[in-house]
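Here's the letter readout for the chains.
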Amino acid sequence: MTRARIFLTLAGFILGLAAGLVYSWILSPVEYTDTAPASLRQDFKEDYLSLVASAYVASGDLNRARSRLALLGISASPEALSRLAQSRLAAGRPESEARSLAQLAAVLGERPSALIGTASPTPPVNPAATSPTATISPSPTIRPSATPSPTPGAPFALLSQEAICDSDLSEALIQVLIRDSAGEGIPGVQVLVVWNEGQDRFYTGLKPELGAGYADFTMEVETIYSLQLSGGESPVTGLTSQECISPSGEPYPGSWLLIFQQPSAP
Amino acid sequence: MRTTPRLLFGLILGLIIGLLYGWIIRPIEYVDTAPASLREDHRADYVLMIAEAYAVEQELELARVRLASLGPQPPINFVIAAIDYGVIANFSQNDLQTLNLLAVDLRSMPASAEIDLP
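Heads up: the sequence lines are chains X and B, in that order. For the first sequence, this note's numbering assigns the number 519 to the initial residue and increments by one for each residue that follows. For the second sequence, this note's numbering assigns the number 4 to the initial residue and increments by one for each residue that follows.
Hints in this document: simulated from the structure, not taken from any laboratory. Heads up, a few of these hints could be off.
Claimed, not checked - Here are some chain X residues pointing at chain B (derived, C-beta under 7 Å):
| no. | residue |
| --- | --- |
| 1 | T551 |
| 2 | Q760 |
| 3 | I763 |
| 4 | S764 |
As the list claims (entries may be wrong) - List of simulated lysine to any residue pairs, SDA-like, C-alpha gap at most 25 Å:
| no. | chain 1 | residue 1 | chain 2 | residue 2 |
| --- | --- | --- | --- | --- |
| 5 | X | K563 | B | T36 |
| 6 | X | K563 | B | P30 |
| 7 | X | K563 | B | V34 |
| 8 | X | K563 | B | E64 |
| 9 | X | K563 | B | S111 |
| 10 | X | K563 | B | R110 |
| 11 | X | K725 | X | L580 |
| 12 | X | K563 | B | S72 |
| 13 | X | K725 | X | Q746 |
| 14 | X | K725 | X | D552 |
| 15 | X | K725 | B | E60 |
| 16 | X | K563 | B | L16 |
| 17 | X | K725 | X | P765 |
| 18 | X | K563 | B | Y88 |
| 19 | X | K563 | B | L10 |
| 20 | X | K563 | B | L23 |
| 21 | X | K563 | B | R9 |
| 22 | X | K725 | X | Y770 |
| 23 | X | K563 | B | A71 |
| 24 | X | K563 | B | I79 |
| 25 | X | K563 | B | E43 |
| 26 | X | K563 | B | I15 |
| 27 | X | K563 | B | R42 |
| 28 | X | K563 | B | L63 |
| 29 | X | K563 | B | A84 |
Every residue, glycine too, gets a C-beta built ideally from N, C-alpha and C.
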């Protein structure tokens with residue numbers, strides 16, 4: 519009799535437990551309708567990062583960009599942004615996204631902030647008080663950018679082209695430095711490299727530790743490359759790795775350093 | 004006669020523990036959410052970022068695709084909702100104008116049948 523009671527109680531318990539789990543997990547699960555950016559799926563986080571960069575380029579508001587990055591709860595280092603720019607470019611995303619990411623990576627590399635990676639409980643909306651209004655002008659408002667950007671219409675001119683023998687470089691590189699008329703590096707400038715078997719594009723600013731206007735490309739030995747800038751005048755042709763000799767007498771592949779600059783305004 | 008109360012007691016006890024476990028102790032975790040589930044303020048800021056990007060890129064189709072990640076509703080609705088939220092939350096005049104620019108341009112664009120999600 520006692521055993522039967524225990525069996526009945528246990529059977530009821532198991533049935534109830536199962537019903538409770540079915541209800542709470544399947545029929546009426548907890549719904550997360552008010553989530554934060556930190557909970558976004560990885561690909562949406564990348565979209566979010568890209569949007570932060572594009573919005574930064576549009577507004578020039580670095581503090582707001584940092585607040586938005588902090589909300590994602592991930593490390594948005596310049597290196598991570600650079601990798602993302604390259605991967606999105608490879609995935610066929612719009613070039614403007616890669617350019618924006620490069621510009622944000624460059625400016626974050628110049629001015630690191632402790633805010634990156636620390637979640638902020640406040641939404642990144644601008645708290646600046648404005649009186650609510652029902653009539654809003656449709657005119658666009660583009661605010662100045664915090665990073666140097668190419669002067670529209672001014673082409674880049676090749677300032678110098680130098681073969682480099684640097685045994686510290688592990689690979690043969692085409693190093694590109696792009697400056698504005700004041701000599702400041704410009705991030706986000708597209709560089710096109712073409713060789714017999716193919717072509718590649720990359721952007722300045724993706725290695726901010728080497729300067730906002732810096733970009734490089736790894737050469738294959740015995741391949742001849744041509745390089746042209748977006749907004750450049752004419753391509754630089756005949757770039758090939760030349761053999762260098764180390765102090766110990768061992769040969770290693772040489773690199774090129776190309777410096778482009780926008781001419782001063784007349 | 005005594006069978007039913009025992010079974011009922013176990014059933015209720017199990018149900019309570021099951022609900023406690025499923026709702027409180029170990030609820031379903033949504034770690035891979037979509038922008039559609041963002042809280043209203045984050046969603047408004049997401050739309051603002053899209054509008055800011057649009058102000059520079061001027062690629063309306065790209066903005067529509069980005070807005071489509073917020074849900075199946077017409078993209079213009081998300082922008083209007085963001086403007087409404089922005090007015091309440093005292094967004095700056097610049098931000099409201101940026102949102103408004105996107106809304107105006109979306110209104111002027113003929114609706115397409117489908118938008119590919121990113």
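Problem set entry | Indices of hints not satisfied (ascending) | 2, 3, 4, 9, 10, 14, 16, 17, 19, 20, 21 and 26
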